[in-house]
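Trainee: Two chains, two frames, some hints: make the complex.
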Amino acid sequence: MDLRLFEKLASQDLISSGSLQKIKAAEDNRLFSLHWQLITILYLGITLLSTGLGILVYKNIDTIGHQAILTFIALVSGTCLFYCIRKTAPFSLREVPTPSVFFDYILLLGCLTLLTFIGYLQGQYSVFGDSYGLATFIPMVILFAAAYRFDHLGVLSLAIVNLAAWAGLSIVPQRLLKENDFSDPSLIYTGVVLGLLLIAMGQLSKAKNIKGHFEFTYSNFGVHLLFISGLAGLFKFEGAYILWFLWLLGIGLVISLQAVKRKSFYFLLIITLYTYIALSYVAIRILWGMNHSELGPFYLACLYFIGSAIGIVRLLIILNKKMKAHDSV
Amino acid sequence: MIAYNKQYLGNRYIQEQTATALDNNYITGDEYAKIQTAFPVGFYTPNVFIRIGLFLLTIIIACFSVGLLLLITSAGRDVTTFVFIFSGVLSYVALELVVNSKNHFCSGVDDALLWLTLILIPTGINFASYQISSSTNSFIIFFLASCFCLRFADRIMALIAYGAWLSFLYYRIIELFPSASPLVPFIGMAVSAVSWLLATSLNSKENCRHYRSCLTIIRIASLLSFYLAGNHYIVEQLNEASRIQWIHPALPWSWLSWTLTILIPPAYLYYGIRKKDPIFIWLGMALSAIAIITIRYYYHFIAVEWAMTIAGLLLIGLAYILFRVLKTPRHGFTSAGAGTNKASKESLAIGSLSLAETVAPASTTTGLKFGGGTSGGGGAGGQY
Numbered sequence: 346m347d348l349r350l351f352e353k354l355a356s357q358d359l360i361s362s363g364s365l366q367k368i369k370a371a372e373d374n375r376l377f378s379l380h381w382q383l384i385t386i387l388y389l390g391i392t393l394l395s396t397g398l399g400i401l402v403y404k405n406i407d408t409i410g411h412q413a414i415l416t417f418i419a420l421v422s423g424t425c426l427f428y429c430i431r432k433t434a435p436f437s438l439r440e441v442p443t444p445s446v447f448f449d450y451i452l453l454l455g456c457l458t459l460l461t462f463i464g465y466l467q468g469q470y471s472v473f474g475d476s477y478g479l480a481t482f483i484p485m486v487i488l489f490a491a492a493y494r495f496d497h498l499g500v501l502s503l504a505i506v507n508l509a510a511w512a513g514l515s516i517v518p519q520r521l522l523k524e525n526d527f528s529d530p531s532l533i534y535t536g537v538v539l540g541l542l543l544i545a546m547g548q549l550s551k552a553k554n555i556k557g558h559f560e561f562t563y564s565n566f567g568v569h570l571l572f573i574s575g576l577a578g579l580f581k582f583e584g585a586y587i588l589w590f591l592w593l594l595g596i597g598l599v600i601s602l603q604a605v606k607r608k609s610f611y612f613l614l615i616i617t618l619y620t621y622i623a624l625s626y627v628a629i630r631i632l633w634g635m636n637h638s639e640l641g642p643f644y645l646a647c648l649y650f651i652g653s654a655i656g657i658v659r660l661l662i663i664l665n666k667k668m669k670a671h672d673s674v
Numbered sequence: 003m004i005a006y007n008k009q010y011l012g013n014r015y016i017q018e019q020t021a022t023a024l025d026n027n028y029i030t031g032d033e034y035a036k037i038q039t040a041f042p043v044g045f046y047t048p049n050v051f052i053r054i055g056l057f058l059l060t061i062i063i064a065c066f067s068v069g070l071l072l073l074i075t076s077a078g079r080d081v082t083t084f085v086f087i088f089s090g091v092l093s094y095v096a097l098e099l100v101v102n103s104k105n106h107f108c109s110g111v112d113d114a115l116l117w118l119t120l121i122l123i124p125t126g127i128n129f130a131s132y133q134i135s136s137s138t139n140s141f142i143i144f145f146l147a148s149c150f151c152l153r154f155a156d157r158i159m160a161l162i163a164y165g166a167w168l169s170f171l172y173y174r175i176i177e178l179f180p181s182a183s184p185l186v187p188f189i190g191m192a193v194s195a196v197s198w199l200l201a202t203s204l205n206s207k208e209n210c211r212h213y214r215s216c217l218t219i220i221r222i223a224s225l226l227s228f229y230l231a232g233n234h235y236i237v238e239q240l241n242e243a244s245r246i247q248w249i250h251p252a253l254p255w256s257w258l259s260w261t262l263t264i265l266i267p268p269a270y271l272y273y274g275i276r277k278k279d280p281i282f283i284w285l286g287m288a289l290s291a292i293a294i295i296t297i298r299y300y301y302h303f304i305a306v307e308w309a310m311t312i313a314g315l316l317l318i319g320l321a322y323i324l325f326r327v328l329k330t331p332r333h334g335f336t337s338a339g340a341g342t343n344k345a346s347k348e349s350l351a352i353g354s355l356s357l358a359e360t361v362a363p364a365s366t367t368t369g370l371k372f373g374g375g376t377s378g379g380g381g382a383g384g385q386y
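If you read the protein sequences in the order shown, they are chains A and B. If you're matching positions, the first sequence starts at 346 in my numbering and goes up one per residue. If you're matching positions, the second sequence starts at 3 in my numbering and goes up one per residue.
The shape of chain B in the complex, shown without the other chains (with noise of 0.2 Å):
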């Protein structure tokens, strides 16, 4: 079923491992070494930035060549929809090739062939009927991603197959029971359950151990639509968008879904420590930041200057108290990274240009601009 040599994917997972054995000098270099003779990877597999370049090469010679293709065979419908189903079929071809002879994995040049062959054949099949409704693309992109990441074990095709999953059950349930619509919030929460009970039990399957990480993708999927089906702001949205002319519209349910909205990420952050399971843990944290955003899109307690300056500061000293109690591990919790001095220090040098950003714009408007160059120092502007 799967495309890649699985030989080679076995043998790739045991390098991984004995790569964090050695950073970690549990094993010796010899032993290292002597286990990557042992078990080689035959895969192409270049340097991600070098895997970025040829990402987007690939795009552009595939988007020059149905241009040109295009151009060759002039207008049409039915010839537009050739085109568009042939380049697709092409590039999924071309993907079968480089992956099966040439052995390429995660070189940039398979992940685009399959983001176009995806793109490809839905467009050219929308260009054959205009009348092809929401249900019916939803579905045809769930068949596709479910079928591309069953043969390539791709982590983004697992998850746009289980959104146009989710999709194509919304916009079907809207067509069939117009008057269900109320009920979708809760249909979405169990298919989110069962989505998540289903991707954790596959997960330890021997079998599956190839598609580990595009579970791991659908389980924090799951997770995340299970708590954004009972947000108050989506469960709005929502039946206003199914317009059902209910004189409260959301009236009903919304002591519910104000519950879901505040109870599910603290619930998750609990289930999370308690665990010891990164996925709950981190949506825990996000979740409650849009906890927070949805309570202060419909209540406004305090201007926004001040909710983000309090907030910074109740944030700092959070994380200066975890920092201090777990600079000594407790109950099997530590502040410490697992050898990532490297690491965090690009994510500051990274994360302190994009903190240039948000400080310049607040400062432009006390006359002057720091990042700014018009009335910088030069003299680029006229402003002064």
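This is chain A alone, in the form it adopts within the complex (with noise of 0.2 Å):
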């Protein structure tokens, strides 16, 4: 912090000499703090660790070397969750402190190497027969256990993505557009309705308290997946894309008046964009009907364009001080 400054402050009477005296204490005992280093070194060694094991199973499968491997991953997984079992705080239905930075990320590792380790049970031995959806079942209700047991955001957000790959999605960000086949229907209504069930869970923690503070990885996935569903069924149903559009502005406006209300800037930005990506998608779809002259389309394309985004940028910056009173994510 900069002294000079708070001298001066003290000097024209805006903070008291005892408010100088523990910022001049706290600048001589300041520690250089390496979290985020350490940090990025944990989690650098995980995202290492967990997919090289993947890939030392993959290349090693019917070599004398397997079994060791798997032992060694069932070795890795075990110690991680024994560690964190015996580390843990008790059981709440409120928001746990963790014990330590370190416990949040060896849970991690600990439920990714099982993952893995599921997999590769299922994959070379069928442990879990022909039901493949058990197998998918089966690690996301340990995850899901995991995540409340342990309070924990990121297994959570991975009990989420195996709940989605139950119902037959990929839900990864990266994924989630490439991998995909929303051409199918069924797909469609999927996410659709996991996306519904998601904020609902979501409006339920916070409604009934049942950690509260898990509202928000719900949502966010539900939203994300909701309004991509909703965007794939405008895209697909061509008889019915009026429908798709309808709902589509239906679920942006009560979804942007809860954020509103919640002072959410981070849902408004998200909701305002897929909607106005349906609506463009409309308004080009309208426009390229017409088809009266050679580039009558293109100019009125552009005007659109400039126009609508003109209209949102005047909405965002009205919403912006409607909201501004107390900021939050």
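Keep in mind that the hints are not guaranteed to be accurate.
As the list claims (entries may be wrong) - Computed cross-link-like contacts, DSSO-like style, restricted to lysine-lysine with a CA-CA straight-line distance of at most 30 Å:
1. B/Lys-277 - A/Lys-367
2. A/Lys-553 - A/Lys-608
3. B/Lys-104 - A/Lys-669
4. B/Lys-278 - A/Lys-667
5. A/Lys-669 - B/Lys-8
6. A/Lys-666 - A/Lys-608
7. A/Lys-551 - A/Lys-432
8. B/Lys-104 - A/Lys-666
9. B/Lys-207 - A/Lys-353
10. B/Lys-329 - A/Lys-353
11. A/Lys-367 - A/Lys-432
12. A/Lys-432 - A/Lys-553
13. B/Lys-278 - B/Lys-207
14. A/Lys-608 - A/Lys-551
15. A/Lys-669 - B/Lys-277
16. A/Lys-666 - B/Lys-8
17. B/Lys-36 - B/Lys-104
18. B/Lys-104 - A/Lys-606
19. A/Lys-669 - A/Lys-608
20. A/Lys-369 - B/Lys-329
21. B/Lys-104 - A/Lys-608
22. A/Lys-669 - B/Lys-278
23. B/Lys-278 - A/Lys-666
24. A/Lys-369 - B/Lys-104
25. A/Lys-367 - B/Lys-104
26. A/Lys-353 - B/Lys-278
27. A/Lys-667 - A/Lys-606
28. A/Lys-553 - A/Lys-404
29. B/Lys-329 - A/Lys-432
30. A/Lys-606 - B/Lys-8
31. A/Lys-367 - B/Lys-278
32. B/Lys-36 - A/Lys-608
Simulated from the structure, these hints should not be mistaken for laboratory data.
Mentor: Here it is as structure tokens:
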């Protein structure tokens, strides 16, 4: 902190001499924190270890070494989970402070290696037989249990991703659009239902105050899934696109009203962007349908984008002013 | 010189400092409120998410405006040149207007207009002639970006200006003295060292106080370019790119470039820990990783999955030991974060998501997709 500045403030009687003394004492005893550096090292280590083990198992299938590797993975996972059970605070329905940052990441490593382990058992020995649903269902249950028991948002995210996998969807951000074959109508409906379910879970957590701080993670996955499925429906169902558009507008309105009320700038932004994509799609469709002259639609499309974007800029500025009173995420 | 209201910039600094003091409970809420009214900030700076939205929308407006202009005026190179330069100038005028009359500061609108000006004007100039050399282009970008950096104290402009400056020097040397290309790494290191010294000395000057964040960026960039200029892989690539037919292109310097590749990262780390300088510590960590990747590129001691597994175990072990050792502060270092509990929880939640991406492909290969839908459960695909 800038000591000279605070001395000046003290001389102008804007802060008391007691406060100035506190700041001076703090500056004298200030410690250099390596917190983020250590977290980066830990995170990198966990990424490398879990990825490396995954590749090792894959490359060594059907060799003598694979059982040793499997044992090693089980050992890593077991040690991590054992450490977490030993160190954890007693269970509570409210938010529980973590024993240490190290604990959080070790739990994550334990869960990740557990996933590799179960996946390997299924792939190699078909432990769960031919019911592939069970092979994603069991990890999902374990992950949800771990997330609630150890109060861990990261494991909760893993659990939600697994829940979606069980329902047949891939909702890891990078693959949400790439790997899901949204031309399959049943997948779109699954997405909508799962999105609504996740939002409901979020609301329920908050309302009943059962791990209320999980609400954001649930809502975040839910809202993205709901809108992407909605957009997929809009693009896919040629005949009923107006219905899907109205549906998107409807949920957009409901959720953005919630966001304004709860002062969440993040949700406001993503809903605005998703709704804008839907609106632009419909506008372009209508313009292309007209087809009166050669370049006419192009001019109109440019004008539409300029006009609509200016409109949304104004809207965002107004909403920002409204919500500014108390900032939050 | 600076476009933003200087009074507000100064007050903004005071408010930031006192906000930190309030977070740490050094000052009372009353004192904080009093300071806020005594040093008001009249900038329009919306929430960061609104800023992202405004940024994207401003870019959309500008792109379609340029598109519309091109449609109306229809093709022709001279006209295209005119449209781009005209739009660039227009965007700059708009930028001055929102900053001066509407007091925009980091609002997303001003960021977007700044970027657009920097993209549109050089694009227009390049439409005017196909024969503009790389060094001239670099110089144009360097000139514009440094002017914008001085006028708007923008960090990204500072970074672009520094990069363009290095690129200008490189192309100019290759053009003028083709035979001097083996010396390029040394020139790069010398320029980086001078830039670092300059930025560091300016950083402590009182009348450069509004540019501190820009100077910090230049300090980081120059330390990075100092290392990269000596990195074995980069040296070799530059040597090949300059197309001088030596029998052993990089041989005369290869022992030197290897020494630099391996020794600079620990040297940065050591200096950072001695001086308690976070920039050097972060760079030392990142560059150590780059050094290891460089070595692996040339020499494969062990298979990549074993390297990853062993490195992962070592890093987790290292982090565990350091967390334990620094639990009680030693030599002025601590492992505890300064009031960052919430921030580290959030980063953990985001981090685990990207971890889900790293573990998913690993498990796909065992016949099962954790994050994948094609074989998951609901029968999305027909792979089974």
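Trainee: Among all the numbered hints in the text so far, which are the ones the structure does not match?
Mentor: 4, 10, 11, 15, 22, 23, 24, 25, 28, 30
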